[in-house]
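Novice: Based on the sequences and whatever the hints tell you, model everything.
Chain order of the listed sequences is A and B. No gaps in the numbering here: position 374 of the first sequence is 374 in the numbering used here, and each next residue is one more. In short: position in the second sequence from 1, add 1000, done, that's the numbering used here.
Don't read these hints as lab results, they were simulated from the structure. Possibly wrong hints are sitting among the right ones.
As the list claims (entries may be wrong) - Examples of chain B residues lying across from chain A (beta carbon under 10 Å, computed):
{"no.": "1", "residue": "F1021"}
{"no.": "2", "residue": "I1072"}
{"no.": "3", "residue": "K1076"}
{"no.": "4", "residue": "T1080"}
Stated by the list, open to error - Straight-line C-alpha distance at most 16 Å; calculated EDC-like pairs for lysine to aspartate or glutamate:
{"no.": "5", "chain 1": "B", "residue 1": "K1044", "chain 2": "A", "residue 2": "D197"}
{"no.": "6", "chain 1": "A", "residue 1": "K271", "chain 2": "B", "residue 2": "E1026"}
{"no.": "7", "chain 1": "A", "residue 1": "K271", "chain 2": "B", "residue 2": "E1029"}
{"no.": "8", "chain 1": "B", "residue 1": "K1076", "chain 2": "A", "residue 2": "E269"}
{"no.": "9", "chain 1": "A", "residue 1": "K131", "chain 2": "A", "residue 2": "E209"}
{"no.": "10", "chain 1": "A", "residue 1": "K131", "chain 2": "B", "residue 2": "E1022"}
{"no.": "11", "chain 1": "B", "residue 1": "K1054", "chain 2": "A", "residue 2": "E274"}
{"no.": "12", "chain 1": "A", "residue 1": "K265", "chain 2": "B", "residue 2": "E1067"}
{"no.": "13", "chain 1": "A", "residue 1": "K265", "chain 2": "B", "residue 2": "E1065"}
{"no.": "14", "chain 1": "A", "residue 1": "K271", "chain 2": "B", "residue 2": "E1022"}
{"no.": "15", "chain 1": "B", "residue 1": "K1062", "chain 2": "A", "residue 2": "E285"}
Fair warning: this is a prediction, and the values are worked out from it, not measured in the lab. Ideal Cβ positions, reconstructed from N, Cα and C, are used throughout, including at glycine.
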Amino acid sequence: MNGKQKIFRVTELTRLIKTALEGKFGDVCVEGEISNLRRPSSGHFYFTLKDENAQLSSVMFRGNQATLKFQPRDGMLVQAFGQISVYEKSGNYQIIVRQMQEAGKGSLQAAFEALKLKLKAEGLFDSARKKPLPLLPRHIGIVTSPTGAAIRDMLKVLTRRYPNLHILIAPVKVQGEGAAAEIAAAINYLNSRGGLDVLIVGRGGGSLEDLWAFNEEVVARAIAGSGIPVISAVGHEIDFTISDFVADLRAPTPSAAAEQVIGLKDLFENKLQEYGLRLLRPLRETLLRARSRLVSATASDVFARPRNVAQQYRQRIGEIRLRMTHSLQHRLQETQQRLDEASIRTLHEKDRHLDRSKQQLQQISVQLRALNPHAVLFRGYSITRNDRGEVLRSATKTRNGERIVTRLSDGELESQITGIKK
Amino acid sequence: MTAKKQSDKATPAGIAVDMTFEKALERLESIVTDLESGKIDLEKMIERFEEGQKLVGFCTRKLNEVERRIEILVNKGGETTTEAFPTEISNDDSIGLDPTTPPDADELF
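Specialist: Right under this line is the structure:
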C-alpha cells in the first residue's frame, strides 16, 4: 500500500459514489426484461431489469404505480423511466422507476403489421374466400380455454335459447409459450374429425401480449385452411387480431359469437315459418277466388234458389198439364158437341131432306101420275100397239088389216084395222 | 341453366336421400315463387303445395333432431376421446362451471 493513498471510511466513499452516480445520470430511461418481480405487502414493486450481460436492481414505489397501463410480469420487456440512486445502507445502486411502459409494444406492433401485410398479399383476408356460415348450425366446435370467462359466457348464451345443440370443446392454452401451436393443432384436429357445422375460436380480453397467440402465422394459416367455417372471437370489441381478419366471420367478443350462432338458428326457424305461410296463402286465395266465382255464378236466378225454381217449374208444368187436360177435355167436349150438333143437324137435314124428297117424290109422283099414261087412259085416251108391240103414234105406221091392240084404262081391245083416215 | 337433379325435388314418394337444408330451402323458395306468381293452374298448385309442405317438414325435423350435448376433448392414454363437459344449468339460467374438474388440457394439443 502506498503511504500517500487516501483512506476513506465506508460511509464517506459511498457518499462520494452516490453523489457521482446520481449527479452523472440523474433521470434515465432504460430498457430491459423484468425478472424476479416481487410485490410485498407494502405494495412496492421490487424487480430486476436485465438483458444478456447485466442487470439493474429496480424499484417502483406504490405511489408511482397509478400511471401503469399494464400489469408488470416476469419476462416482459419494458422501458423504465426513473432516477439512478445509490442505497447506501446496502451499498447497491438501483433505478427508482417512476414510469414504465411495455417496450414489446413497439416490436410486437411491427410484427403484427408485417404479418398482416404478408397474409393480405397472399389473399388470405379476401372476402371472396370467406365461407358462408351454415344455415342451421347444430354441431358447434369451440377452440378456447376450458377455464375462464369466455367458455362460460358462450355456453350461457348458447344453452339459453338453443335447447338441442351439440357443442364440442377443444381445450387449449390461449396465451404464453406454445399457445399458438395448440390453437392451430386444435383447429386442424376438429377439421379432420368432421361432423361439425361451425367453429368458434377465441378467448376473453387481455393485453396485446395476452392475445398474441391469435396473431401468430400458424394460427392464421390453420384458420384459413379450415374447411369448416370459423368465427373468430378474440378479446374485446376494440381488439383486432390477425385471426379476426382471416376468419370467415369476426365476432367482437366470445358472447357475440354465441349470439351469432343463435341468430342463425332463429333465422332458419323464421324462414321456415315464412315459407309455411307463403305456401298456404296463394293456394287459399286461389281457392277462395274460385269459390267466390262459383258463388256469384250460382247467385243468378237460375241457380240461386234451385228448389224454388224447380218448384216453379213443377208448378208451371202442373198448370200446363192442367190446362192441357182441360183444353183437351174441352176440345173433346166441343168436338163431341159439334159432332152431336152435326149429327143432329144432319138428322134434321136428313129429315128435311127426306121431307123435301118426299115432297119432291110426291110432286113427281103427282106429275108422274099426271103423266102416267094410265091416267091418260082414264081420260079416255088409248094406247094402240101393232102386232109387233110397237106403240102406234102415227096413222101412217100402220096398214089396213093390221091386227092392233088397243089399251083402254081397264083393259085391252083386240081389233083389225078396216080403214085409215088422216 | 343446370338440369334439375332428382335430389333437388321432393317427389310424391318423399324426400331424396341426399337432400340438404340448402337444397330444401332453395327448392322452397322456388316453389313459393311459383305459387305467388299466380301463373300455374290449381292442380299444379296443389302438387307444389304438398311438395313444399314435405320440405318444410324435413327442415323442421332436422332442426329438432340433435340432442343437447356439451362435451370436451380429452386425452385418455394417448387416445383423443370426449367427456361430458361439467356445467350446471340452474333455474336462473346462469352457467356455473365447476372449477375443480375441468380436464387437464396441457397434453392434448
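Novice: For every hint, state whether the structure bears it out.
Specialist: Going down the list of hints, with the structure as the test:
Contact between B:F1021 and chain A, as hinted, is supported at the beta carbon level, the nearest pair being about 5 Å apart and thus within 10 Å. A distance limit of 10 Å between C-beta atoms decides the matter here; for B:I1072 the minimum to chain A is near 4 Å, and the interface restraint holds. The criterion of a C-beta within 10 Å of any C-beta in chain A is not met by B:K1076, whose closest approach is roughly 14 Å, and the hint is violated. Evaluation of the B:T1080 hint against chain A yields a held restraint, the C-beta minimum of about 7 Å falling below 10 Å.
For the suggested pair B:K1044 and A:D197, the alpha carbons sit about 36 Å apart, so the restraint of at most 16 Å is broken. Of the pairs offered as hints, the one joining A:K271 and B:E1026 holds, with about 11 Å between alpha carbons and a cut-off of 16 Å not exceeded. A threshold of 16 Å between alpha carbons decides the hint, and for A:K271 with B:E1029 the separation of about 10 Å falls inside it, so the pair holds. A distance of roughly 39 Å separates the Cα atoms of B:K1076 and A:E269; the hinted pair therefore is violated under the 16 Å criterion.
Pair hint A:K131 plus A:E209 does not hold up; C-alpha atoms about 29 Å apart against a cutoff of 16 Å. A distance of roughly 14 Å separates the Cα atoms of A:K131 and B:E1022; the hinted pair therefore holds under the 16 Å criterion. For the given pair, B:K1054 sits about 15 Å from A:E274 by alpha-carbon distance, which is consistent with the 16 Å threshold. With a C-alpha separation of about 15 Å, the suggested pairing of A:K265 with B:E1067 holds against the 16 Å cut-off.
Between A:K265 and B:E1065, the direct Cα distance comes to roughly 13 Å. Compliance with the 16 Å bound is thereby established for this hinted pair. Simply put, A:K271 and B:E1022 have alpha-carbon atoms about 12 Å apart, close enough for the 16 Å limit, and the pair holds. A threshold of 16 Å between alpha carbons decides the hint, and for B:K1062 with A:E285 the separation of about 30 Å lies outside it, so the pair is violated.
Checked against the numbered hints listed earlier, the structure breaks hints 3, 5, 8, 9, 15; every other hint is satisfied.
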